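Chemist: Spelled out from the first residue to the last, the chains are:
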Amino acid sequence: MFSNIPQAVLQKMEDLNFSKEIASDLSLVPQLLSDTLKEIKKFHLGDKALHDIKLSLQEALVNAIKHGSRLNRVLPVRLDVEARKDSLVMTVTDQGDGFDAARLMDPTQPGNLQRLSGRGIFLIRNLMDGVEFFDGGRKIQMVKAFHKGAKGEDERRKKG
Amino acid sequence: MKTREEKKADALLCVIEGEVDINTSVQLRKVFDDLIKRNEKKVLVEFSGVEYIDSSGLATLIEMFQRLKKIGGKLRFSGMSQKVKNAFEITKLHKLFEIFDSQEAALKDF
Chain A
1412 MFSNIPQAVL
1422 QKMEDLNFSK
1432 EIASDLSLVP
1442 QLLSDTLKEI
1452 KKFHLGDKAL
1462 HDIKLSLQEA
1472 LVNAIKHGSR
1482 LNRVLPVRLD
1492 VEARKDSLVM
1502 TVTDQGDGFD
1512 AARLMDPTQP
1522 GNLQRLSGRG
1532 IFLIRNLMDG
1542 VEFFDGGRKI
1552 QMVKAFHKGA
1562 KGEDERRKKG
Chain B
6 MKTREEKKAD
16 ALLCVIEGEV
26 DINTSVQLRK
36 VFDDLIKRNE
46 KKVLVEFSGV
56 EYIDSSGLAT
66 LIEMFQRLKK
76 IGGKLRFSGM
86 SQKVKNAFEI
96 TKLHKLFEIF
106 DSQEAALKDF
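Sequence lines, in order, name chains A and B. For the first sequence, the working numbering gives the first residue as 1412, with consecutive numbering after it. For the second sequence, the working numbering gives the first residue as 6, with consecutive numbering after it.
Bear in mind the hints are in silico, worked out from the structure with no lab data behind them. Certain hints may be false.
When the alpha-carbon atoms are kept at most 20 Å apart in a straight line, the in silico PhoX-like pairs for lysine-lysine are as follows [said to hold, decoys possible]:
{"id": "1", "chain 1": "B", "residue 1": "Lys90", "chain 2": "B", "residue 2": "Lys42"}
{"id": "2", "chain 1": "A", "residue 1": "Lys1459", "chain 2": "B", "residue 2": "Lys113"}
{"id": "3", "chain 1": "A", "residue 1": "Lys1459", "chain 2": "B", "residue 2": "Lys75"}
{"id": "4", "chain 1": "B", "residue 1": "Lys74", "chain 2": "A", "residue 2": "Lys1452"}
{"id": "5", "chain 1": "B", "residue 1": "Lys90", "chain 2": "B", "residue 2": "Lys12"}
{"id": "6", "chain 1": "A", "residue 1": "Lys1452", "chain 2": "A", "residue 2": "Lys1550"}
{"id": "7", "chain 1": "B", "residue 1": "Lys42", "chain 2": "B", "residue 2": "Lys74"}
{"id": "8", "chain 1": "A", "residue 1": "Lys1431", "chain 2": "A", "residue 2": "Lys1459"}
{"id": "9", "chain 1": "B", "residue 1": "Lys46", "chain 2": "B", "residue 2": "Lys113"}
Since we're looking at a predicted model, the values are computed, not measured.
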C-alpha cells in the first residue's frame, strides 16, 4: 500500500515532524516554503505531490498572513508538519479573527470566474486529500495521503 | 521571476521564467502596466519557463485579460507545463483564457 515510501523512511517518519513560526510578513514565505519543502522531499513523494504541497502551503500561509493577521508583523503564523503512517499532515495557524470556511464562494461559477480573489482555499481543497478548519478558521489542516489512489496519484503513476 | 519581451509581427511576446506568486506578481503587473501604456493589443505570454503559479499570479493574469479586453485587445498563453496548467484547470480559468501548445499556434490565432 505504501510502496512509494521506502521502509527506512517509514521508520524514521516521526523524526521528521517539525514546526516553524514566522512573523506575518509575506516576504518571509518563500524561505519558509523552501526550508519546508527541503524537509518534505525526504518522504520521496513524486514531483506532482510536491508541487501540490508547495502550492497548498503557499496559499494557506498567504491567507493566514493577509487575511488572518491582516499583515500585522507582530502576529506570528505557525506551520506544523506531522508525518503519519499513511499521510503527511500540514497545519497552518494564525492569530487573527478567523472566518467561516462554509461561506466561501465557488470561483468556478460563471459569475465568479473573473473575480480577482477567492481561489486560494479552493485550490487547496482540490490539491489535498483532506482539508479541515479548526478554531473558527484560524487553523487549517491539510492532509496529503501517501497511498495509491490518492488525489493526483493516478496521474503521477501514468507519467512514471 | 524574470521576463523578457520580443516583437512578433504586430503581436508582443512576453516570456516569463521562474515562479509567479504573491511576491513576484507585483513585478508582473508592472510589466503588464507598461504594455497597456504602450498600447500593445495582441499579447502572447510564453509559459514554458514558468515552474509554478499561485492564486495571486492567476489574479494578475485575469486583470490583464480584463484590461486588454477593455481596449479591444487579446491575451494568449503558450507553452504551459501540465503542473502549471493544472491550476488553470482546477479553477476553470482554462475556459476563460486562450491557451495554446505552441507560440506559433497562438500567434496564428491573433
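Chemist: State for each hint whether it applies.
Modeler: Comparing the hints with the structure gives:
1. Only pairs whose Cα atoms come within 20 Å are accepted, and Lys90(B) paired with Lys42(B) is rejected, the gap being roughly 29 Å.
2. For the given pair, Lys1459(A) sits about 32 Å from Lys113(B) by alpha-carbon distance, which is inconsistent with the 20 Å threshold.
3. Proximity of Lys1459(A) to Lys75(B) is assessed by CA-CA distance (about 37 Å); at most 20 Å being required, the pair is judged violated.
4. Taking the CA atoms of Lys74(B) and Lys1452(A), the gap is about 42 Å. The hint is violated against a cut of 20 Å.
5. Straight-line distance between C-alpha atoms of Lys90(B) and Lys12(B) comes to about 25 Å, which puts the hinted pair past the 20 Å bound.
6. The suggested pairing of Lys1452(A) with Lys1550(A) is violated, with an alpha-carbon distance near 24 Å, which exceeds 20 Å.
7. For the suggested pair Lys42(B) and Lys74(B), the alpha carbons sit about 14 Å apart, so the restraint of at most 20 Å is met.
8. Between Lys1431(A) and Lys1459(A) the CA atoms are separated by roughly 24 Å; this puts the pair beyond 20 Å, and the hint is violated.
9. Between Lys46(B) and Lys113(B) the CA atoms are separated by roughly 15 Å; this keeps the pair inside 20 Å, and the hint holds.
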